[in-house]
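Engineer: If you're matching them up, the sequences are chains A and B in order.
Residue numbering for the first sequence follows the working numbering, starting at 1 and increasing by one per position.
Residue numbering for the second sequence follows the working numbering, starting at 1 and increasing by one per position.
These are calculated hints, taken from the structure and not from any lab test.
Where a beta carbon is used, it is the ideal one built from N, C-alpha and C, also for glycine.
Hints may contain errors.
[Unchecked claim] In silico lysine-lysine, PhoX-like type, Cα no more than 25 Å apart, as pairs:
#1 B:Lys122 <-> A:Lys23
#2 B:Lys90 <-> A:Lys23
#3 A:Lys38 <-> B:Lys158
#4 A:Lys81 <-> A:Lys69
#5 A:Lys85 <-> A:Lys98
#6 B:Lys158 <-> A:Lys23
[Said to hold, decoys possible] Not close to chain A: a few residues of chain B, all C-beta gaps over 10 Å, as computed:
#7 Ser28
#8 Ala44
#9 Lys59
#10 Val70
#11 Asp83
#12 Leu95
#13 Ser98
#14 Asn177
#15 Ile178
#16 Val186
#17 Leu219
#18 Leu233
#19 Gln277
#20 Thr281
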Amino acid sequence: MSINFTLIIQLVVFLIVVLITMKYIWPVILGAMEEREKQIADGLAATDKAEAELKKAQEEAESILNEAKDQASTVRESANKMATKIKDQAKAEALAEKDRQMAAAVAEIEQEANRAKEDLRKQVSALALAGTEKLLNKEVDSKVHADLLNDLVKEI
Amino acid sequence: MSDGAGGIGGYIEHHLKNNTLELVEGSSFWTIHLDSVIYTIITAVIFLAFFGYIAKNVKAGVPSRSQNFVEMIIGFVNEQVNDLFHYKSKVVAPLALSIFVWVFLMNFMDLIPVDLLPAGGKLAGIDYMRVVPSTDLNITFGMSFAVILLVMYYNFTKKGPIGYAKEYFGHPFEADNIFFKLLLLVPNMLLNTVETIAKPVSLGLRLFGNLYAGELIFLLIAVFTLGYGLEHLISFGGITMIIAQFLLGLVWALFHILIITLQAFIFMMLSVVYLAQSHDTGH
């Protein structure tokens, strides 16, 4: 076992190996490792952020939902009110219409009655006239008169 | 048991002999351990190719299984380095990764059956082959010296020559007046010199010693049935030996998994500690 030139060769080879490792191996692989570390850290940070955003969005959605519910209930209330109002109005209108129509019917009936009365009166007067004519044509006989009058009365 | 003491000694000696290439005839320094160099480069290429392939196809999204594996190692090394090294540096963490993985791969060669690759080499006409680069003192010292060169470079650049000199001559014994400072100059210098030399030597020797011992034990376990003929092996004694060799080899290999990982880890950690000291301008 003697020290010889092998030592020098090994020394040089060693330095070359270290140089190659230093230039082409160590920084490349460590760089990739550090990049991955950064990616993971970024990913975790993004997850945290997304989680916070999700929470915020959920809260927002909830508030919007509540608002919508409130709105819907007010709309329903006002619709109910309106419906009642419309119903009342319709009822009132119907009542008024009924009254009006009744009044009109009554008026018509009255008119008809009046006309009938008028007709009757006309007929009565015509009858009276006819009776009178008959009376005038025949001898006046009280008894006959009475009978005629009775007939008249009966006729009326 | 076997052919005798000479057979065992010869077997082990053969296994511990490097395949050498003499650059200059007769010079012991200008020699290269071809097997160590080749296996160290093979392991380096395995490391760089695998990690380079992952780096090329790296994606920050969902990682593939192999990318996940590589990221696990890199994350582990990065954590260790960040615990020990509190300065900005583009070199230290990649250096730690290279040491950890590469030294582990070198050590891992120890878990390949001791005779497998040399037997293959023998078929190819290669007589001597040591497959575990980290059992070669040249390899471990080559790395530890490289680390210490970097440490010295940072000592000079981060602290400045004057700052480094102050630390070298003014520590660990400190004094307030100039007389004692001068008096302590020599012992400080001696201590720091010893420390400076001890760092790379201990770093290299620790790895070498552990792996060399481990390999030696694998060789000793392999000796159990060394030189047994077929008629020997199927006898009662032979089968006992086979079982003993198998069990011991298994136990030692399992234990060795821990050692090779631990030694790679220690080499990495100490290198990072030395580099951190060289960056420390707080004195």
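Engineer: Hint by hint, which ones does this structure get wrong, listed from lowest number up?
Structural biologist: 1, 3, 7, 8, 9, 10, 12 and 13
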